[in-house]
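Chains as they are written, first to last, in the numbering used here: chain A, 154 to 664; chain B, 286 to 587; chain C, 21 to 387; chain D, 78 to 399.
For the record, the hints were derived by calculation from the structure and aren't laboratory data.
There could be a bad hint or two in this list.
What the hints assert, rightly or not - Across the chosen pairs, the derived CB separations fall in these ranges:
no., chain 1, residue 1, chain 2, residue 2, range
1, A, 242, D, 222, 56 to 66 angstroms
2, C, 42, D, 357, 54 to 64 angstroms
3, A, 171, C, 27, 12 to 22 angstroms
4, C, 376, A, 547, 23 to 33 angstroms
5, C, 42, D, 238, 42 to 52 angstroms
To be verified - Quick list of in silico lysine-lysine cross-link-like pairs, BS3-like style, CA-CA up to 25 angstroms:
no., chain 1, residue 1, chain 2, residue 2
6, C, 195, C, 184
7, D, 327, A, 423
8, A, 213, D, 327
9, A, 163, A, 378
10, D, 397, A, 176
Stated by the list, open to error - Chain D residues, not near chain B, derived (Cβ > 12 angstroms throughout):
no., residue
11, 137
12, 140
13, 155
14, 166
15, 214
16, 218
17, 219
18, 252
19, 283
20, 339
21, 369
22, 386
23, 392
We put the CB at the ideal spot given by N, CA and C, even for glycine.
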Amino acid sequence: MTQAPAIELKGISKAFGPVQANKDISIRVMPGTIHGIIGENGAGKSTLMSILYGFYKADKGEIFIAGKKVQIPDSQAAIAAGIGMVFQHFKLVENFTVLENVVLGAEDSGLLRPSLARARRELKALADEYGLNVEPDALIEDIGVGMQQRVEILKALYRKADILILDEPTGVLTPAEADQLFRILERLKAEGKTIVLITHKLREIMDTTDTVSVMRRGEMTATVKTSETDPAHLAELMVGRKVLLRVEKAPAKVGATILEVKDLNVTDNKGVHRLKGINFHVKAGEILGIAGVAGNGQSELLEVLGGYEKGTGSITVNGQAIDLTGAHSDGQSRRARGIAHVPEDRQREGLIMDYTAWENTAFGYHHDAKYQRGIFMDNAAIKADTVEKMERFDVRPPDPKLAAKNFSGGNQQKIVLAREIERNPDLLLIGQPTRGVDIGAIEFIHQQIVALRDQGKAILLVSVELEEILSLSDRIAVMFDGKMMGERLPSETDEKELGLMMAGMTKGEAA
Amino acid sequence: DLGGKFDKSFNESAFTGAQRWADETGGSFDEVELQSDAQREQALRRFAENGNNPIVMAGFAFATALEEVAGDYPDTKFTIIDMVVDAPNVRSVVFSEEQGSYLVGMAAALSSKTGTVGFIGGMDIPLIRNFACGYAQGAKAANADVTVISNMTGTTPAAWNDPVKGSELTLAQKSQGADVVYAAAGGTGVGVLQTAADNEMLSIGVDSNQNYLHPGKVLTSMMKRVDNAVYDAFTAGADLETGFNVMGLANGGVGYAMDDNNAALFTPEMTAAIEAAQASIIDGSIEVHNYNSDETCPALDF
Amino acid sequence: MDVMPKWADVVLIPLISLLLAAILSALVILAIGESPMNALKIMVDGALGSTYGWGYTLYYATNFIFTGLAVSIAFHARMFNIGGEGQAMIGGLGVALVCMYVPWPHWSLALLGGTVAAALFGAAWAAIPAFLQAKRGSHIVITTIMFNFIAAALLNYLLIGALKPQGSMEPATGKFPEATHLPNLHDVLGFFGIEFSKAAPANITFFVAILACVAVWALIWRTKLGYEIRAFGHSESAAKYAGISPTKIIMVSMLISGGLAGMMAINNVQGEAERLVLNAVEGAGFIGIAVALMGRSHPFGVFLAAILFGFLYQGGAELALWTKIPREMIVVIQALVILFTGALDNMVRMPLERAFLAAKRRNKGAA
Amino acid sequence: MDLLTLLQVLDSTMRLATPLLLACLAGLFSERAGIFDIGLEGKMLAAAFLSAAIAYTSGSAWLGLLAGIGASLVLSGIHGLASITFRGNQLISGVAVNFLAAGLTVVVAQSWFGQGGRTPQLQGAARFDPITLPFADAIRDVPVIGPIYYELISGHTALVYIALLMVPLSWWVLYATRFGLRLRAVGENPAAVDTAGVSVIGLRYAAVAICGVLCGIAGAYLATALQAGFVKDMSAGRGYIALAALIFAKWRPWYALYACLLFGFLQALALRPDVIEGALGFKVNVQLLDVLPYILTVIILAGFVGKAIPPRAGGEPYVKER
Ligand SMILES: Nc1ncnc2c1ncn2[C@@H]1O[C@H](COP(=O)(O)OP(=O)(O)OP(=O)(O)O)[C@@H](O)[C@H]1O
Ligand SMILES: Nc1ncnc2c1ncn2[C@@H]1O[C@H](COP(=O)(O)OP(=O)(O)OP(=O)(O)O)[C@@H](O)[C@H]1O
Ligand SMILES: [Mg+2]
Ligand SMILES: [Mg+2]
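Okay, chain A solo, but in the shape it has when bound (with noise of 0.2 angstroms):
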């Protein structure tokens, strides 16, 4: 068919400072198709469609939009061009009420009152129409993320966009959610909307698009139509090699309880009760995987355990009381039992980003007997000690003097992941420990955690991507509104269980 493609991009460049996010990437979208865009974390998929959307500006390229070339300045200019975006991390206004965040920049009028009405109707429509219903007059921050990102699709209808770009869009939905987004997006399509969809997850892709792009490094490394690829082609594409995307690993040796967890509460400072009486242990030698969407009670659960968030109930390591509320309630303490963490956010918590390689490698552990000389630091110990890491994790570049913000996403982790392992725990603690790092690396770090349960040590693993809770996992464990939903075995169960589970729902309930 010889109709103009609804997107079509031209060389697009984009640097930020040092880094070049896009390199002179060209890519058609044709009308009434969804087209997927998968690639590692910053490959520069959210930065290209920013572009898009006026939210930066590129430094190179040229946009049409149906076959007219357009300028794109700022984002004012692509909701004028029919474009709505719905970003990885939502903007809206917290304390603003639905109605405000959708009319916000969208008013009628220098007065308020008659754009809000008219916009309460037409939200009403909308929900009709495609099932959206949200409660107009209720704050954001009173709502959940599946609320939220609702919302965010609402301004991109209201303002009469037939362009919808979605970044990562069910990353915070429980599978349940994610289908139902699915079906507003099929019908979308049916209406001769065009849909540009982020995702990490190739299942996805392969169920709902038309056609997809791979990014590597900021480039565009290839266009395919759906129908003629499969996961694994598209993975090789992501990282430019063959790719074993399961993990070798033998059965486990299991010794005693380390950790012990009973009727386990956490309410937050502003009074919500995050963890709802959680019990569990995990044995020497086993992986204990925690699934679950986030913001369902893992965070705080790490926290506890890691030490800076306080809560009531019990918890033994080795057989020992922990401190939960009291003077030992902290990290050293934590660490002084023999916990050691990697948390889910590495730039954060897990690192200074302002901070060298070598101060970064004895934060947490400063104290150490063997990092002081008198009373000041002993900054040479704690040099050699970075160096000897960084060889062994093969952190690049292998630099104790660069600070941890100019190291990529994968190396950052592998610090983290040197510091702590390399305290050989009797407990790690682990979150989301592949976020942010791409496959590549994402192999070596699974090796190095199958490795250490190998010696006997108890890991809890906490991770929002099924795949990797299956492939690591001795036993699983489901979270669900700060409650343990139930355990699995992996080999006794599959993704489309463990989803209802995080959804709040048994199986029985499902059927």
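Based on these hints, arrange chains B, C and D with the ligands on the given structure of chain A.
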């Protein structure tokens, strides 16, 4: 002193004195206005080293600095006003403000219709209390059952320079019934006189003759002839005779200002009474109590 | 990779910023009909032309080193201690009390006592804002400003009351006893046979200040505490993860900060005035902010910046003495320095970074 | 304390609260848009000087007012440049602005009028005169309401009434207009405003400009209405009190009014030791009265009067690309 050269009052009067000398003799003088205490000593030394002679300091706050410096420059002559520094090359000039204040106090009491008169001081220090004390004595002497309200603007040097507060205080005193107010408050007084004029009150200026500021609305001014002191010092030049000297009514060091700006405000009786008092203070038959002698005041308590 | 070489960050940028500030200042001086050149000459002669001038320059510099270090420490913990003014005032109170009521046998002991008292009092004055920040999250900028006002009032109250000698006109304490007077640079350097003006107020405290610089450097970059302070300053969330207590860091760093600010008092109160007067601090607390900014919160940088501001201060005094340029001109210059080295830092940085980046790219291309 | 005295105290409360209120609202607009501003003090001071200077030379208080606003706007521009365009530290920029104003006003005043950093006294039309509201004299003698109307409500300068009008106006702008919605949004989450197709920079500059105008009026009020001329440092810390009031008011216009009235009342009271002594029956130390507003502020900040949550994006420059 701290409070600014053009406070229309103490410092300004010192400056006019110097200016007068310069104009008449064509001589020249360096002058500096200080923001901070640390600079006092520095300024003195620099002027001394620069060969300025004599050096005149308006303000008691120089005393400590001068004690330091005087010794190091034996052949430079210094004059300090409002404070006594005992050194061979220093001339200390103090004024008996209580006497002048006594007279304007009488004037205030005599021209008050409400029988309440006010005093607004600058920074709360003994010197200013002496003004207030003399004023109160005079007022009481003229009319035994007059009430005297007294406020100090503040406790920092900023109090010499806070016209906003000055005028609020004036209004506050007005609302307590005062219809004549005496401002001994440097730059703050500007606000006092202004507000008094705006609110059909009479005001009394201080240090230099401030009658002209609001003709017909300033009752009079308590003249403290700092200008003369400075002028004399400069004219005497290097052979200025040092030591301690008091400027009072007797030697025209203080007095009350009469000119055609305020002539209309004085009845003959008033003038008579005040002149009489002045005479008997000079011949000693009236003894005006000096607050600084014992830090107490018979007519007013602080 | 960092975009710019280190030297550009620590040397080039401050220099350019200073230059801009200087140019604008010159324009202002021109505008009020004076000659910038002449003004500069007077400032340089007056501040650096004689040991006497140096004596004043170093005297002011000493004040600024203490307040500058105080602000720096707080900066490292990402806190903005704008209360150096008040802390230094109260530090002065401490010095005054020990000097007046303790019979010191010798100045060396008096110096020791004065230092301790100054530090303690200054720290105490920083304690409440620190505590409120740590426990109640009250914005430390506002609270410390408020404490400046409160300190001033407290000092007035004491200086026109309890501490004022009978009959004295001034709100000030009497002179401290002979034994507490500190040797000034004339005596100290004279001991080594170096000729130095007798009249200038710079005194042995200058060396205490240098010691303080070294101590702070060691504390920040060589001790666990410093490591934790900087970590907290860079990322509170990471600090929590590592088991570093925010409360502890906020309290400790603010106490040290207040202590350093307070220690300024041994210079201006015990060393120079030898009595406690009102507004003895004269804005040094605020200048500390500029000094810390220019010095990039590094003790050595602070030292250099403090000398620069000492020069500005003394030079400014000379300006006021010998020209019609009012003393406030110096406040203007300070303002411009703070503006360009602090707030408008990026105005210089951004173009520079682009330049360096372009240069790098070109080299890459060549290679 | 009889009615009349009370009225007089309240009357002076009004006068003292006015500059606070204007500055407080100024800060409110700025901070609601995410730009912290401790430079209110400096803006007021600069405005006070230039308004007095121009009022004196032109003989018109209104021209003075315009000039004052102009001066304040220039400083706002600097603050905007530093904190919006160049993403500088807003606190430091504010400090610099305060220094700049404190210095420049005196330097310029000195070289302009040669009167030691003050302007000459303003006479007649160069000042804002009190306005006697209609019937004020007529009903003056009606008991209670008469004096209230005459003493308290009537007889203030135009600027006082303008300041009072600013309160409902600000409220309306913030909560009933498109501009207000966007302004509040940009202080909470600039990215949301940006992706909604509205210029963050534009909004923030607008807010900073409004802040400048209001500070300008505040300064002009000090020099040409409350006083008859400029003297150095005449803003005397009012900018900081206004900030405190702003926090006290939790960044809301009506609360701002109450907070400023409270602080104004404290200041007015500090001028009436006699009243306090009458009320309490013992002498209260002057210094204590003077610092009462500051101590109160600290107590408020300590959160004993309810937690005050500033706009979420407050103080943070909007950085898209690191
Ligand atoms: N926010 C940022 N600001 C500046 N530079 C960044 C930023 N994030 C990443 N970088 C730099 O961009 C480069 C690529 O980062 P990124 O995290 O995308 O690496 P990556 O492609 O994921 O590589 P890896 O496979 O090691 O994770 C790195 O050099 C990193 O230092
Ligand atoms: N605002 C920014 N400033 C500086 N660097 C940035 C910025 N945004 C992204 N980068 C860098 O640009 C590169 C591409 O980032 P981008 O977010 O487009 O990757 P992505 O493919 O969306 O990754 P992810 O799958 O994690 O979303 C990365 O190195 C990232 O660190
Ligand atoms: Mg992305
Ligand atoms: Mg990465």
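Do the hints match the structure? See the list:
1. 242(A) with 222(D): 56 to 66 angstroms: 59 angstroms, holds
2. 42(C) with 357(D): 54 to 64 angstroms: 55 angstroms, holds
3. 171(A) with 27(C): 12 to 22 angstroms: 19 angstroms, holds
4. 376(C) with 547(A): 23 to 33 angstroms: At roughly 30 angstroms between Cβ atoms, residue 547(A) and residue 376(C) fall inside 23 to 33 angstroms, so the hint holds.
5. 42(C) with 238(D): 42 to 52 angstroms: At roughly 46 angstroms between Cβ atoms, residue 238(D) and residue 42(C) fall inside 42 to 52 angstroms, so the hint holds.
6. 195(C) with 184(C): It holds: about 11 angstroms lies between the C-alpha atoms, which stays within 25 angstroms.
7. 327(D) with 423(A): 19 angstroms, holds
8. 213(A) with 327(D): 46 angstroms, violated
9. 163(A) with 378(A): 20 angstroms, holds
10. 397(D) with 176(A): Satisfied, since the Cα-Cα distance of roughly 19 angstroms is no more than 25 angstroms.
11. 137: 19 angstroms, holds
12. 140: 21 angstroms, holds
13. 155: 25 angstroms, holds
14. 166: 28 angstroms, holds
15. 214: 15 angstroms, holds
16. 218: Holds, since 18 angstroms exceeds 12 angstroms.
17. 219: 20 angstroms, holds
18. 252: 34 angstroms, holds
19. 283: Consistent with the label, residue 283(D) stays out of reach of chain B, its closest Cβ about 32 angstroms off (over 12 angstroms).
20. 339: 17 angstroms, holds
21. 369: 14 angstroms, holds
22. 386: Consistent with the label, residue 386(D) stays out of reach of chain B, its closest Cβ about 34 angstroms off (over 12 angstroms).
23. 392: 31 angstroms, holds
This entry does not satisfy hint 8, going by the numbered hints stated previously; all others are met.
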